[in-house]
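**Q** The chain contents come next:
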Amino acid sequence: MTRGSELGTQSSDLVRHLARLACLGLTSEQEERYPKEFREIVDYVGQVEAVRTERRPLTTTISGVRHVVREDRVEPSRLADKLLQVTPDTRDRGVRVPPVL
Amino acid sequence: MALLRDLHDRLVRREVSAEELLEESLAAIRERDADLHAFLHVAEESARASARAVDARLQLGEEVPLLAGIPCAVKDIICTAGLPTTAGSKILDGFVPPYDATVVERLKAAGAVLVGKTNLDEFAMGSSTEFSAFGATRHPLDRERTPGGSSGGSAAAVAAGLVPYALGTDTGGSIRQPASFCGVVGLRPTYGRVSRYGVVAYASSFDQVGPLARTVEDAALVYEAIAGPDPRDATTLQGSPPSVRGILEQGVDGLRVGVPREYFAEGVDLQVREAVRRAIGDLARLGAAVEEVSLPLTKVALAVYLILTRAEASTNLSRYDGVRFGRREPGRTLEELYVKSRGAGFGTEVKRRILLGTFVLSAGYADQYYRKAAAVRRAIVDEYAAVFERVDVLATPAAPEVAFPLGAKVEDPLRMNASDIVSVPVNVAGLPALVVPCGTVEGLPVGLQLIAAHEREDLLFRVGAAYERQQDASGRERGK
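Protein chains in written order, with our numbering: chain A, 6 to 106; chain B, 5 to 484.
Note that these hints are calculated values from the structure, not bench results.
Quantities reported herein were computed from a predicted structural model and do not represent experimental measurements.
Ideal Cβ positions, reconstructed from N, Cα and C, are used throughout, including at glycine.
Incorrect hints may have been included.
Said to hold, decoys possible - DEER-style ranges, computed between Cβ atoms:
| # | chain 1 | residue 1 | chain 2 | residue 2 | range |
| --- | --- | --- | --- | --- | --- |
| 1 | A | G69 | B | L418 | 29 to 39 Å |
| 2 | B | G243 | A | H22 | 12 to 22 Å |
| 3 | A | V100 | B | R281 | 49 to 59 Å |
| 4 | A | V70 | B | E27 | 36 to 46 Å |
Chain A on its own, in the form it takes in the complex (with noise of 0.2 Å):
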């Protein structure tokens, strides 16, 4: 398991690798203190390792509420205009964005 310790001088790197690929923008000063905070708390969670485990199928339900299911139907929905007016900036009913490249 990686250490928070063996991230080392990678952690403002890694920081920086995991803020672009969460579309986040960093102030220079969250950039600063991150990387210790993270080796920290990655040090910390890393304990898990340890704790010995069944081999069992993942599942991410712990309520065992599985495969709940609806009549597949078609409704009127109201919202639409509704979440229009929340949107920063619309045009002929659709939302506008500056262009991807």
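Fit chain B to the given chain A structure using the hints.
**A** For chain B alone, kept in the frame of chain A given last:
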């Protein structure tokens, strides 16, 4: 303000009107909230309309539900149609949802009067409200201290008597720790018991909505009003929850109370441990069979929680991209729009969690962190299930400390997280837990936490109510 049942009786007897109750609440808010900052938004106009509607029904002699005409507050992470919902974040500053969360719909159907939205740590990520983008809430008993978090605004509003009850959310203790700090009752229901539809998501397999109130009965009444299956939230448990009201009088005779030694370890203040042990002693005197138990995985629960919730949060918060709603910063390209909107809109703690969540899900790390944590979560679920074969409820401290000073932990994320060490295991296992005030340490409230097996809120209310009755009785004896 009187308790819910009394308020209801007085309304029905027309001794007081819903509008008068609302005026009382608004006056209390005007007087005290400038200082406390429990509220982010007070909805005077709509609250008045609700109150008048209930008064009109009462005047016609109509029967009204128990919560009708009674003021309440809702944590600002819960969507309220036509009222601002910020989740404590700049990225949703000015956002007005076009729909109500299911829990709000249910309260409204019961005639509740929604007075306003309460302050919280941004996106429910924090234990003090200090991470709110709109300033921290202060503790009603000590302005230099935090009320806890993330539902600190709701806890403070109830503790200060601004409203008789409020809704909060609890992902890792965010109802229970502030309830403990502020000396009020807080319930985190079984995962899936209460609908999360319309609740701004932090960690979808951990979040639950629950009540904060002054008594166990009040909490039970609010819980009943909001709990139950919802076709719009596919994680809700099927079947109506059993009514809890009849259970409150049943007492603890013959019930088995487990005391997990790992919850009384070093990380918990000595005086808090002592106060809680005294409360457990009271339960024994009331007829409960108390025994010590062990939950070894408690020590690793916080690590599991940190990994899984940050992972889920990084996914949930990816929807805040400045495109369809919320704050948008200009950009020359779409990517720049994302980066700048999210950069400007999210606070430091939220970004920290998104980064960690992205890390534990990323290629090369997902197996050793996310998958491993999910497996350990399973083991924790099993460990609790095993202990509940032997005992009916667990009794533990609700928080490792009393309300800490503003600024004391804000610079140290791990220390802030440690405020939840006795709360997070409950969320990891999806269990219900109730916090009941059990005394003070140097004038600051301490909470007793009761934990039960899945869907056994009835046991929590039963034990909590019995303890509360005994406390009231001994309080009267001491001539309070």
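**Q** Going back to the hint list, which numbers does this structure go against?
**A** Going through the list in order, the structure violates hint 2 alone and respects the others.
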